[in-house]
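> Here are the chains, one letter per residue:
Protein chains: 4
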Amino acid sequence: MKKIGFIGLGHMGNPIATNLVKAGHQVTVYDVVPEAINALTAQGAQPANTIAEICKDSDVVFTMVQTGEQVSSLCRGDEGIFKHISKDALLIDCSSIDITDSRSLHTEAESLGIAMIDAPVSGGVAGAKAATLTIMIGGSEENYNRAKPLLKQMGKTIIHAGAAGNGQAAKICNNMILGISMIAVCEGFNLAKQLGLDTKKLFDISSKASGQCWSMTSYAPVPGLVESSPANNGFKPGFSASMMLKDLLLSQRAAQTNNAPTPLGAEATALYELFVNQGNGDIDFSGIIKFIEGS
Amino acid sequence: MKKIGFIGLGHMGNPIATNLVKAGHQVTVYDVVPEAINALTAQGAQPANTIAEICKDSDVVFTMVQTGEQVSSLCRGDEGIFKHISKDALLIDCSSIDITDSRSLHTEAESLGIAMIDAPVSGGVAGAKAATLTIMIGGSEENYNRAKPLLKQMGKTIIHAGAAGNGQAAKICNNMILGISMIAVCEGFNLAKQLGLDTKKLFDISSKASGQCWSMTSYAPVPGLVESSPANNGFKPGFSASMMLKDLLLSQRAAQTNNAPTPLGAEATALYELFVNQGNGDIDFSGIIKFIEGS
Amino acid sequence: MKKIGFIGLGHMGNPIATNLVKAGHQVTVYDVVPEAINALTAQGAQPANTIAEICKDSDVVFTMVQTGEQVSSLCRGDEGIFKHISKDALLIDCSSIDITDSRSLHTEAESLGIAMIDAPVSGGVAGAKAATLTIMIGGSEENYNRAKPLLKQMGKTIIHAGAAGNGQAAKICNNMILGISMIAVCEGFNLAKQLGLDTKKLFDISSKASGQCWSMTSYAPVPGLVESSPANNGFKPGFSASMMLKDLLLSQRAAQTNNAPTPLGAEATALYELFVNQGNGDIDFSGIIKFIEGS
Amino acid sequence: MKKIGFIGLGHMGNPIATNLVKAGHQVTVYDVVPEAINALTAQGAQPANTIAEICKDSDVVFTMVQTGEQVSSLCRGDEGIFKHISKDALLIDCSSIDITDSRSLHTEAESLGIAMIDAPVSGGVAGAKAATLTIMIGGSEENYNRAKPLLKQMGKTIIHAGAAGNGQAAKICNNMILGISMIAVCEGFNLAKQLGLDTKKLFDISSKASGQCWSMTSYAPVPGLVESSPANNGFKPGFSASMMLKDLLLSQRAAQTNNAPTPLGAEATALYELFVNQGNGDIDFSGIIKFIEGS
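Residue numbers (our numbering), protein chains in the order written: chain A, 1 to 295; chain B, 1 to 295; chain C, 1 to 295; chain D, 1 to 295.
Since the hints were made in silico from the structure, they are not lab data. Values in this document were obtained by computation on a predicted structure and should not be read as measured data. Misleading hints may appear alongside valid ones.
Listed next, the stretches of chain D that the computed footprint assigns to chain C, with coverage defined by at least 3 CB atoms under 8 Å from CB atoms of chain C [stated by the list, open to error]:
1. 79-86
2. 147-154
3. 227-237
Ranges between beta-carbon positions, derived for each pair [stated by the list, open to error]:
4. B:148 to A:198: 16 to 24 Å
5. D:223 to B:111: 26 to 34 Å
6. C:50 to A:207: 49 to 57 Å
7. D:233 to A:198: 55 to 63 Å
8. D:77 to B:200: 37 to 45 Å
The C-beta atom is built at its ideal place from N, Cα and C for all residues, glycine as well.
Bound conformation, chain A alone (with noise of 0.2 Å):
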């Protein structure tokens, strides 16, 4: 049993903290909306009022907020954590956040001798409230050794992806690709069609051969494919396409400030937001297929 402060309540947040108190870790809860706290007080949390009674006896902290102005609006100041964790306790940021915005962070921490680890998750609310989600680490080895056993109980495959910052690296990275592969799936099965080619024989074709990817062999956005996909459910997400652009966008940040070209991620991210910007935000990521149909 830890001793566990969780600050942001949302659609991640909750069920991330939900399965804490589970797990039967005495957790106190913060956010900015109180509805948000109630929901987790009626599953067994504390409330809190503040960021100092958030850090009090706490054993590890967690944020898990939208951005890194936020995070470090949460960390920094004297209301913030770095001024009121305890030297023994272990912060662990969980949003998806700026690259350079996390480093900085990072390096404050460091330098105030905060143990901290960024560890964004990827698995959606779905794999949040099935403790399912991939934790991708950046940090310490010892940080992360730390962490393990607790984020073991929040998520289902846990990776150290190196030094300070890497966690949220691996995440965009990887999320890139996964944006630029679902716009090719998408582009595909619409040629094939278009050309006459029925959608389940280029499935069956690429699915074994070089166009496989698990954008169309695991989330295939066409329905009667993959049972799991979004598609078979009207596209509700799943992940959704705002989701997806905002994972988008920090790629390009991070890519633009690190002098790494990325013309087909950048194209992507033009194309999500002109999907996104059309009321489809809500939808799931895979639902850009209609887009590119004009259906």
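Knowing the structure of chain A, use the given hints to seat chains B, C and D on it.
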């Protein structure tokens, strides 16, 4: 044992025809390059001087050339296959050509009572030599079944993709997805490197995650990850960048003719064209990572 | 006064042929749609039932249709123009078609001793009505000079772009640059708006700076900047998005056939195709700003 | 005569500060590179060792550096401009930097009662020397009017683009359109060449038609068309490819932060990044035609 006429003895035609000779068939061969004919007669094939000779008494006539124009000129006219092939024979076009050209030839063949299939192959020179090609068939079920035993002596995976031209359609849809996903992997690997994330680490993570694709897990474009990758062999093809460009150009022609938008397919085509025009056509197509890296 | 045969009486052919009638020529007309013929006979043209009638005694024969296939079927075969046109006449193809198709027709015409030019037009229906078209000519200097007085009655700017097919080449090169720069202006205007920079201010600055282009200064895609812009008229064309897409597709076919990489041309084509496929083909091509804005 | 402090004496800062000295102002200068200071003192400027010295008694303080981080570190902290500048003075940031960074500095300056404008310039080293720069101002009307007489001694066109940060916004919107249209012209010129259409002929046609743009008519990327073009001078800049890339990257950061899709802007950025990474950063930005041509 079949009597086979074989036209087109280049990089691909040579090993395929050789395998047919070795399988015990009586093979008559033709090419515009005399040396190409000699290379086959040295293996036991019979030389022919005209298409009429190729067709005479043949149970099966193969064509394996570069462009739709070439197949058309072989088939049409007073000296062509359509005029000289037996009504009992089967015409198998193994060339990778424009789908409209292919269907036009099918239509004409059918009107003349000539049995024909399109049967483009993938697997490269190595696959042709080892008789491990994947062969995608367009044409009637009946003609597919007639061809299958023979094609089994040339390749490992023989697939009926549907009606006339669908062999071509399947190949270009698959290879368009392949070309895009290869560049996606190159972008992701280079971005990881620039972010200080070890390529091997990203490989380990993404191979089992949503970024997984054949270009990564079976053909990784950096050394040391997948043993059989051309990256371990100085990017010696394998499947050359210029052959990938040819297939991408075919995909774009098909897409544009059939009102199927392929924004990433178009961009991948342009990138391969820029890469090939800089003198890299003979490098394996995974070598485009050098272009992305700027190395 | 010339005796003129005119084939193809659609949106463009109708006003052009009408202008030729008004200029005092004896015009015989043909179209597959009887109503289209009637519309011209009401203006004083003579109807024809066959291409042979069109060609008989004509000094000049015009074709103004949609595709290279259509021009080819008008020209070739026993009922075609090549068979029936007088050796003293001039054939003027005003259609915008694939450059390879155009050159193939030129070659055949030349071998038959028939004088021919390609003369695609730009300026839209409004330009056709007002006889202010820009007409780009491909063919010999001699044939250009023969055609010029007549073309001056249809358009304002008559340009000799060079040898056979170069009229087509000039049009698609120009229009590819146009399509790209229009999207560039839309992206720039929308970015300015999102950044809180008044569009009018950006217009004032860039109009006199290095971002200046015709798409901005003569055809601005937002209301209130350029009086004649379709943006001031609900994006009523003008030059429709589907006509722009047609020209972009021609540019891509030419580029891909001739080993000329056009990464931005390819992307602009894909964007117009996505836009048109969403049902916007009849909107002016500058209306793509709605697609960029997500409005 | 004004008392001026000037920080940042690189390629651009040097000639601008020199012009201010020549105009009779009392200029105190600072740079991290001692030689850069010496070069200005040789022109009659006074050297300073600290920002405090620069600010002391100055009516105007200029900053002309590379990045938002640099401007921030010059302005903030105990040794910074915000601490030492007179409340009666005007701070003019001529750097081209991220718009968010610029606005953050404006906000802080305003809260401290410091008058500030952003005033990025375009026109390159040649324009800086000749005092013909275009200078785009963001800030209050009042501060714009205060700065204008001085800026008139540095540039020819002084434009008020609106509130804080809008100088930056105007520059990057303009230059994004510029970068895209330059590549568009390169693609069009190369396509023309491959089609056998003389570049000069396309230039003559498009210069007066809908493909017209500054990149073509004032800065044509092939020799012999526009006398002042770097193409006539071996692509010696002018405006270097790396400076264009910097502005495109700024445009992409702004676009992505502000939910403004720029598919062609993104692609142009990737192309310039590939071009620069191949070692072409010091070539004029119009030299990207070599990349498109594959020469």
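> Per the hint of 37 to 45 Å, is the separation of the Cβ atoms of residue 77 of chain D and residue 200 of chain B within bounds?
holds (41 Å)
> Is it true that the C-beta distance of residue 233 of chain D to residue 198 of chain A lies inside 55 to 63 Å, as the hint says?
Given about 58 Å between the Cβ atoms, the range holds.
> Lying within 49 to 57 Å: is that true of the beta-carbon distance residue 50 of chain C to residue 207 of chain A?
holds (55 Å)
> Taking a Cβ-to-Cβ distance below 8 Å as contact, does the stretch 147-154 of chain D have at least three residues touching chain C?
Contact hint for the stretch 147-154 of chain D vs chain C: violated, 0 residues under 8 Å.
> Taking the CB of residue 148 of chain B and the CB of residue 198 of chain A, does the distance hold inside 16 to 24 Å?
With a Cβ separation near 19 Å, residue 148 of chain B and residue 198 of chain A satisfy 16 to 24 Å, so the hint holds.
> Within the assertion that chain C covers the stretch 79-86 of chain D, do at least three residues meet a Cβ-to-Cβ distance smaller than 8 Å?
violated (count 0)
> Within 26 to 34 Å or not, the Cβ separation of residue 223 of chain D and residue 111 of chain B?
At roughly 55 Å between Cβ atoms, residue 111 of chain B and residue 223 of chain D fall outside 26 to 34 Å, so the hint is violated.
> Using a Cβ cutoff of 8 Å, are there at least 3 residues of the stretch 227-237 of chain D near chain C, or does the coverage claim fail?
violated (count 0)
Of the numbered hints given earlier, the model fails hints 1, 2, 3, 5; all others are met.
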